[in-house]
Structure formats: C-alpha cells, structure tokens
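Engineer: Take a look at the letters that make up each chain.
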Amino acid sequence: MKRFIFQRLGLAVITVFLVCVIVFFLTHILPGDVAHQYLGKGATEADLKEFRRVFELDRPLLSQLFTWISHLLHGDLGQSMQYRHSVSSLLLPAIRYSSKLAAVAFFLIVPLSIAGGVVAAMNRGKKVDRAITVGGLSAAVIPEFVWAIFLVLIFGVIFRIFPVSAFPPKGERSILNQIWYLILPSLSLLLVLFGYIARITRAGVIEALDSDYMRTAVLKGLSRRKAVVKHVLRNALLPTIAVIASQVPYLIGGLIAVEIVFNYPGFGTILKGAVDARDYSVLQAGVVVSSLVIVSFQLIADILFAILNPRIRQKVSE
Amino acid sequence: MSDTTATTIANKSNLERKTIRRERLKLVLKDKTFLFGAFILGFWIILTIFGTFIAPHGAGDQDFKFVSHSPSSKFLFGTDANGRDVLSRVILGTRLIVVMAFSSTILGTVLGTSLGLATGYFKGKFDMIVMRLVEAISAIPVLIIALLAIAALEGRSPTLTVIVIGFVFTPNIGRTVRAAVLGESELEYVAAARLRTERTRHILFREILPNVLPPIIVEFTVRLGYAIFAIATLSFLGAGVEYGSPNWGSQISENWGNIYSNVWWPTAFPALAIASLAVSVNLISDSLLEIFEL
Numbered sequence: 001m002k003r004f005i006f007q008r009l010g011l012a013v014i015t016v017f018l019v020c021v022i023v024f025f026l027t028h029i030l031p032g033d034v035a036h037q038y039l040g041k042g043a044t045e046a047d048l049k050e051f052r053r054v055f056e057l058d059r060p061l062l063s064q065l066f067t068w069i070s071h072l073l074h075g076d077l078g079q080s081m082q083y084r085h086s087v088s089s090l091l092l093p094a095i096r097y098s099s100k101l102a103a104v105a106f107f108l109i110v111p112l113s114i115a116g117g118v119v120a121a122m123n124r125g126k127k128v129d130r131a132i133t134v135g136g137l138s139a140a141v142i143p144e145f146v147w148a149i150f151l152v153l154i155f156g157v158i159f160r161i162f163p164v165s166a167f168p169p170k171g172e173r174s175i176l177n178q179i180w181y182l183i184l185p186s187l188s189l190l191l192v193l194f195g196y197i198a199r200i201t202r203a204g205v206i207e208a209l210d211s212d213y214m215r216t217a218v219l220k221g222l223s224r225r226k227a228v229v230k231h232v233l234r235n236a237l238l239p240t241i242a243v244i245a246s247q248v249p250y251l252i253g254g255l256i257a258v259e260i261v262f263n264y265p266g267f268g269t270i271l272k273g274a275v276d277a278r279d280y281s282v283l284q285a286g287v288v289v290s291s292l293v294i295v296s297f298q299l300i301a302d303i304l305f306a307i308l309n310p311r312i313r314q315k316v317s318e
Numbered sequence: 001m002s003d004t005t006a007t008t009i010a011n012k013s014n015l016e017r018k019t020i021r022r023e024r025l026k027l028v029l030k031d032k033t034f035l036f037g038a039f040i041l042g043f044w045i046i047l048t049i050f051g052t053f054i055a056p057h058g059a060g061d062q063d064f065k066f067v068s069h070s071p072s073s074k075f076l077f078g079t080d081a082n083g084r085d086v087l088s089r090v091i092l093g094t095r096l097i098v099v100m101a102f103s104s105t106i107l108g109t110v111l112g113t114s115l116g117l118a119t120g121y122f123k124g125k126f127d128m129i130v131m132r133l134v135e136a137i138s139a140i141p142v143l144i145i146a147l148l149a150i151a152a153l154e155g156r157s158p159t160l161t162v163i164v165i166g167f168v169f170t171p172n173i174g175r176t177v178r179a180a181v182l183g184e185s186e187l188e189y190v191a192a193a194r195l196r197t198e199r200t201r202h203i204l205f206r207e208i209l210p211n212v213l214p215p216i217i218v219e220f221t222v223r224l225g226y227a228i229f230a231i232a233t234l235s236f237l238g239a240g241v242e243y244g245s246p247n248w249g250s251q252i253s254e255n256w257g258n259i260y261s262n263v264w265w266p267t268a269f270p271a272l273a274i275a276s277l278a279v280s281v282n283l284i285s286d287s288l289l290e291i292f293e294l
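The listed protein sequences derive, respectively, from chains A and B.
The first sequence begins at 1 in this note's numbering and counts up by one.
The second sequence begins at 1 in this note's numbering and counts up by one.
You may find that some hints are simply not true.
Think about it this way: if two alpha-carbon atoms lie no more than 30 Å apart in a straight line, the pair counts; the simulated DSS-like pairs of lysine-lysine are [unchecked claim]:
| id | chain 1 | residue 1 | chain 2 | residue 2 |
| --- | --- | --- | --- | --- |
| 1 | A | 126 | A | 230 |
| 2 | A | 226 | A | 127 |
| 3 | A | 230 | A | 127 |
| 4 | A | 127 | B | 18 |
| 5 | A | 127 | B | 26 |
| 6 | B | 32 | A | 126 |
| 7 | A | 170 | A | 100 |
| 8 | A | 126 | B | 30 |
| 9 | B | 26 | A | 126 |
If you want the footprint, here are the derived chain B segments under chain A, 3+ residues with CB under 8 Å [to be verified]:
| id | region |
| --- | --- |
| 10 | 141-152 |
| 11 | 228-239 |
| 12 | 268-281 |
Rather than coming from a laboratory, the hints here were simulated on the basis of the structure.
Yeah, the Cβ is synthetic: ideal placement off N, Cα and C, and Gly gets one too.
Please put together the full structure from these sequences, using the hints given.
Structural biologist: Quick look at the structure:
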C-alpha cells in the first residue's frame, strides 16, 4: 500500500511539474514578449526595460523558469503585474470564497447524482431511467452560465424565491444565509455534472444488481431494498468515486463562469480580471493552483479507490 | 470502451465488419434521438449559411424609437438596450459559433487521430512520454488553459481560439484513438500487412484507420458538443471573439445586467439558442454511442 501511495504521489508531482513547464512556455514562447503584451503598443523602450527588470524578464528563459518554480516551491506565487502586490494576497481570499461555493455545490451534487443513478438503475429501461440518463446528459452539455441565466430568470426574477446574487449584503452574512445565497450558483453546477455522475453510478449499480452475490443476498431472504443498500452500493460506488474526481476540472472550470454571472468575488472573478488586464503572473499562478487542486483530488480518489477495492488492495500489497 | 468493440468483432473478417458497420449506419438513420438532434442541428446550419438573407435586420441596425422594447410583431424577439433587433442578432450570431465549433473539432480530431495512431502503433518510450504530457494537459481545466493561451496570444481573434481549442482537444481524442489502435494492432490483418512488408504509412492509414473510424466519429460528435460549450463560455467571458461582433455569448454578457429590470429577452433568446445547439449535438452523439455500442 505504501509503495502504491508513493508511486501515485510521484506521478502527481511529475504532472504538476509538467503543468508548470507547459504554462510557463505558453506565456513566454508565444509571439510577442510579455512586456510588450502587457504594456501595449504605446510603451517606450525605457518602460519596457524597466518592466522587464522588475519582473525579471530580462534573464534567459530557462533561468526564469527555474526561479519561478523554486519560488513556487517556497509558496511564493510572484507579483501581480496589475496591482504590484503579491499574487497570493490576491488569490487566497478569492480561493476561500470559491471553496465555499464548491463545497455547497459538492454537497448538492454528490448525493443527488448518486441517488439519480441508483433510481435509474432500479428502473432500468423504464421512462424514469430514460429521463434521468438522456435528460441528465443533455443538461450536461449546456454551459453553466446558460443554466445560471435560466435559473436566475425563473427562481430569481419571475418567482423571487432565491436571491439573484451569490453574496449576501453586509450584516446578513450568517453561515446559513451564505449557503442560501449559494444555492442557485450550485444548482447551475449541479445541472452540468449530474449527468456524468448519475450515468456511472447507474452502470455500477446495474452491474452489481446482476452479480452472483446479489442473487445470493436475495435468495437468503434479504429484501431488494436492503440488499441494494448493504451490498450493491458499496460496490457500485467505486467507479463513481473515480468519476467524481475526474469531474473536478469541470467543476473548477464551471466555477469561473458561474461566479461571473452571480458577481461572486471568487477565484474565477480574479482570473477573468487577470485575463482582461493580461496579468500573466496571476494567470500563471491561477493555472498552477487549479491544477494542484485537481491533481490532489485525483490522488485522493486513486488512494480511496485502492482502499475500498479489495482486489486492488491485494495487488498493491503483493 | 473501444477495447470491447475491438474484441467482440475482432475475430470476424474485414468483409463481415464492413456489413456490420453498414447495418449500424442504417439503424442510426432510423433512430429517433438521432433524427431529432440532426433536425435541430440542420436548422442551425441552414441559419449559418443563409442567415444574412433570413435576418430581418442588420446586426448593427439601431432603432432608437424601440430601445429595450419587449417582443412584438415588429421585433419578434424584442430589441436590446441599443435598439438592435434581438432576433436578427441571434440569427447572425449562429455563424460564428457553428463555424468555430466545427473547425476546432475538425482540427482536434485530425491532430488527435494522428497522435493516437502513432502512439498506439509504435508504443514504447514515445508512447509513454506522450501519455505523460497528455495527462498533464488534462490536469488543467479546458477553460483555464484556453483563457491563458488566448490572453498570451492576441486576445480576440476567432482563428486563434479555434487553434487553441483544437490543440486542447488533441490529447483527449488522441487517447481514445490510441486505445482503439492498441486493440487493432494485435489483430491478424495488421500482422498480415506487416508480413507483406507494407509501408508503415499504408498500415496506419489504409488498414488500421478505417477500422477505428467508428470511435473517431463518436469522439468527434462528443468533442463538437464540448467545443460549443467552450466557445459559448469563452465568448461570454469576452475572450476569443471580436468586440461587437454578433455572437450569442457576448450578447448575453452585454445584456445580462438588464435582466433585473425584467428585460429578459436580449439574454434569454441567445441562451436558448446555445442550449438548443448544444443539446442537438448531444442527441446525435448519444444515439451514435448507443448504436455503435461504445
């Protein structure tokens, strides 16, 4: 087991390192240098020179890459070109807000999608099943910001059930109220992710329902419902965990658009601001941080998968 | 998933496989899900080609007597805050997203198929290195990598956005094709072709490629859906399209603020357009997935 975890950890580190390299070269090797891009056409030679000196762009590329990565390793995300203060002081509060939204979304998405998948599997081939699988995947291809607009129109503007912004005004920021304000944005994320997770859960449950151990359970007198809860779910949830982890990149990508629709001061809003201002240091740091989050989730999922699945556990310990 | 199809029809001769493929194609053309999706997609493609003749007004035409006017007989979808006809802007906005989505998906499919053929056939160290890189790229959300690349390059060019999305899709498509090719390259006809000392190019493109075409086609439709998703979102975020050009994403971001004063039509109609286009492509890929048992 230990070896397995170290191996996965090693792969994760390599992946993040490669992401850093890709991101670095994407911003530096493409036509037009960063100083030109940031300062625009009106910049004088002296401005450019000063800018390059401040952001250490006047050194050879490889040495820049090396310094950047070693700074990252020390937790230094660099200086924002736009605000001229540290990127981490910009990103950290935003990430805190985004994590709140992601957490609320996660607690809605996971149980509802798994329940949807189980219901579909238990009613295999019936109308409920078709509605959940086809409807779920059709919902998944509609961008989050489009869902957000429909939801705000219906529940915010027409019926006035939910607030139309994601952030309660000052003085009303109790935890419950904050969650209440985050329901609509979370629902738009749910609608995009529900289909994939429900579909995999459904496949897992169907496989388990058809298995020998399920037949044994029913033959020994367990009711179908009990057998499902006791035997099927445990086995069917395995692939689901892997899929949920693989959806984290989409969740993060979706956060950006949803935060902007709801005017929520999170990671996405910062990133969008950085794109508009061509603030490359913030952009680079943003990509690295998000890939770090994604890779960690993948790692956790891999390890959970191995712990829960006796077959892998055995193979690993051999 | 493509591994299983490879094994189930692996022991059949090439001729038999051809007939199976033809029968499945017939099934697709009878499938209701497919036909419904194709009908909606066809509608948008017609608007892409003939939109300029169909739209009642020009994209930039302003009528200041009708500002934020609700849908009426004169302006079926109403007008926006600049007095522009929403219906015309939705019709004229079709072209950009449809052309961009198709070209980026075609680019990604061509590159991804080449990558998949090469890695699946040659295996070894080359395969390992490429797959590591692919994994690294998959660890960055598509949207973020596109935003970064678009910001790093010259911000608002649609051509550039197409290239970026095509490149971002390449590793994923490559992975699917690679899996299919791995299954195929074990089969007898490949060994036979090698024995005949056929050139590698011939084996890859004439022998293997036709047999991995079904997963490639399905992958194409799936990616087309993602491309629509990505392009709509990017244009909503103000990246990758020219400022002021008629396109659904920008239309929504420009008019979004007015939704709170109950001016919903300049936002809702382009949103519906994006939704219907995305769903139509999904219905097509869903039906193909089911019939080709992938």
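Engineer: Starting from residue 126 of chain A, check that the Cα of residue 30 of chain B is at most 30 Å away, please.
Structural biologist: holds, 21 Å
Engineer: Take the C-alpha atoms of residue 32 of chain B and residue 126 of chain A, compute the straight-line distance between them, and say whether it is at most 30 Å.
Structural biologist: holds, 17 Å
Engineer: Has the given pair, residue 26 of chain B with residue 126 of chain A, been kept, meaning a C-alpha gap of at most 30 Å?
Structural biologist: Between residue 26 of chain B and residue 126 of chain A the Cα gap is close to 25 Å, so the pair holds against 30 Å.
Engineer: Go check the region 268-281 of chain B versus chain A for me, would you? Three or more residues, Cβ under 8 Å, otherwise it fails.
Structural biologist: Since 7 is at least three, the answer is holds.
Engineer: For a C-alpha distance cap of 30 Å, please report whether residue 127 of chain A and residue 26 of chain B respect it.
Structural biologist: holds, 25 Å
Engineer: Given the hinted pair residue 226 of chain A and residue 127 of chain A, is their alpha-carbon gap at most 30 Å?
Structural biologist: holds, 24 Å
Engineer: Please count how many residues of the region 228-239 of chain B have a CB within 8 Å of a CB from chain A and say whether that reaches 3.
Structural biologist: Three-residue rule met by the region 228-239 of chain B, so holds; n is 8.
Engineer: Starting from residue 230 of chain A, check that the Cα of residue 127 of chain A is at most 30 Å away, please.
Structural biologist: Given that 30 Å is the threshold and the Cα spacing comes to 26 Å, the pair holds.
Engineer: Next pair to validate is residue 126 of chain A with residue 230 of chain A; report whether the Cα-Cα distance is within 30 Å.
Structural biologist: Within the cut-off at roughly 24 Å; holds.
Engineer: For the pair we were handed, residue 170 of chain A and residue 100 of chain A, check the Cα-Cα distance against 30 Å.
Structural biologist: holds, 17 Å
Engineer: Hinted pair, alpha-carbon criterion (30 Å max): residue 127 of chain A, residue 18 of chain B. Please report holds or violated.
Structural biologist: Judged against 30 Å, a Cα distance of about 34 Å means the pair is violated.
Engineer: Tell me if chain A covers the region 141-152 of chain B under the three-residue, 8 Å CB rule, please?
Structural biologist: Satisfied; 11 residues make the cut.
Checked against the numbered hints given earlier, this structure breaks only hint 4.
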